[in-house]
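Colleague: For the protein sequence lines, the chains are H and D, in the order given.
Mapping to this note's numbering: the first sequence position 209 is 209, numbers consecutive.
Mapping to this note's numbering: the second sequence position 168 is 168, numbers consecutive.
Each hint should be verified, as a subset may be incorrect.
Some residues of chain D that are not near chain H, with every Cβ distance over 12 angstroms (derived) [said to hold, decoys possible]:
(1) Pro114
(2) Cys162
(3) Glu193
(4) Phe206
Pair by pair, the computed Cβ-Cβ distance ranges are [unchecked claim]:
(5) D:Leu18 with H:Ile254: 27 to 37 angstroms
(6) D:Ala202 with H:Ser48: 43 to 53 angstroms
(7) D:Arg133 with H:Leu51: 43 to 53 angstroms
No lab work stands behind these hints: they were computed from the structure.
All figures in this text were calculated on a predicted structure; none of them were measured in a lab.
We treat Cβ as the ideally placed atom computed from N, Cα and C, and that holds for glycine.
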Amino acid sequence: MKGIRKVLFFFLVVIVCAIAFFPFYWLINTSLIEEKQLFQYPPRFFPSKGLLSSYIHYVLSTPISAWLRNSLFVGGVATVASTIFAILGAYSISRFNFKGRTPFTFLILLTQMLPAVLLVIPVYIIFLTLRLNNTLAGLTIMYTAMTVPIGLWFLKGFFDAIPIELEEAARIDGCSKLGILLRVTLPLCVPGVIATATWSFIITWDEFLFAYTFINSEKLWTVSVGLSSFIGQYSADWGQIMSGAVLTTLPIAILFMFFQRYLVSGLTAGSVKG
Amino acid sequence: MTKLRTGKIDISPYLFILPSLLIMVAFLIFPIARALQLSLTDTRLLEISKAKFNGFDNYRAFFSDSSFGRVVLATLSYVVAGVSLTYILGLFTASIVNKPFWGKGFVRTILILPWVVPSVVLVIIWKWMLSSRYGVINFFLHEIGLIPIDFSWLSNPRFAMCAIILATIWKQYPLGLLILLAGMQSIPKELYEAASVDGATAFQKFFLITIPGLRYVTTVLILLLTIWHFGNFVIIWLMTRGGPSDITATFTIFTYLTTFKFHKLGMGASIGTVIFIISLLFTVIYYILFVRKLVRV
């Protein structure tokens, strides 16, 4: 009886994984299949020849390298800035008891309820006035602002978990608050910083609405906007689109694989502890 | 800790939050105030300086618009179906990964992976899989005789929303998995052992121990998912742009179309404000009704 159950469970796991993974499989398969073989019945489940031709076409015929560079720049700068801001802010609300702490915490929560589609309207006008529309600088500022609240929330959870006693000795020795944070607490919180930074970067890499609304020049597009420009074209060349999609996903998937553990602990810490 | 020995107020906690506070106020809070103000004007996209104050006209126009009912219906179906299916799938996959078996770590990674796929990539994959005639899903369903091979999901008024929801839950269920799994792991093992001694079946254990043990996590997760679905833009926009004939135009899509396609900035701001107010009210009421009680216990 137990044996049968084990076998059934094994099959269940295999089937669930197969369904969950199938879209990825189909993405990779389509990106490798030769152009002509895409529109066949039945569809081809394995690529046979011309393996990388779609990739070569895609890389040669689109500014994909510029798009990757833009995303990397915007996401990288925004991630570094917002993580530094969040470290300072989260440390403050985790350790100090000051007037304005509760309002500040509420403000963080409030920003999570702001619909992006409402935000994009006034920011569009503000950026027109500041001449920040159609610039990567504007996008970077916006991404920093969008990721700061999440970083604050993440890192507060991590700082809360570190016993305050560890800081006492340094305080008695006359270390400044910033000194304590940088020399004592932060080194213990490296997993939290990694989780926060990874999470922020994933958000910026995924962001579409602001980049799509603010950036008009093709050269300044981010990867997601660049890739989306192929959706809905009549002569949809799915092989090339799929190779673009693989190239867009790869950096973020690798990052995720590396830091999965930290990311998961950061995400669940806040919601389970409440 | 907040006061120095001299008795003066210590400003360092404020200095620490200053950078975050400044950027949040400047680019999140101030814009919302500006949006509220815009929502009371007839601002148009290409002639912003000519805007005139028109009170609550935009709101009145939106609530009496013929498409209002359709927008509410589209939003409700997307949110209700999306949240409940995401939750069920998250619960199902979490209970699989919660069991000890060989290769569990690998299975978990496979199951979480859809979560990091950029939304644009997600839409591209599903649009291709669901495409008429050459889509692989059409191939499978055609082979078992359910649909004609040239069935077109996204231009079918009845099935366009189904396709969008399908793509959405594939991206979102890993979040449910992670949070519910963490919740499951915080349930004391002794409860299950005691139940086994009393001869409880697996089903009984699931419904009498696991589900009640997940109450708090579930409440938080449902709130997170509802706000996320309610505000989601990119998946629906890239799948259908609200079509066919506005049937999948949720509040967010309708806001974007009004603002950037029909150039009615003031009107768009007022619809966006309605989204914001609903999210806020929902969160507050939900918190009072469900979350607060659980935190006290």
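Colleague: Does each hint hold? Answer for all of them.
Modeller: Evaluated hints:
no.: 1; hint: Pro114; in the structure: 7 angstroms, violated
no.: 2; hint: Cys162; in the structure: 16 angstroms, holds
no.: 3; hint: Glu193; in the structure: 18 angstroms, holds
no.: 4; hint: Phe206; in the structure: 14 angstroms, holds
no.: 5; hint: D:Leu18 with H:Ile254: 27 to 37 angstroms; in the structure: 35 angstroms, holds
no.: 6; hint: D:Ala202 with H:Ser48: 43 to 53 angstroms; in the structure: 46 angstroms, holds
no.: 7; hint: D:Arg133 with H:Leu51: 43 to 53 angstroms; in the structure: 25 angstroms, violated
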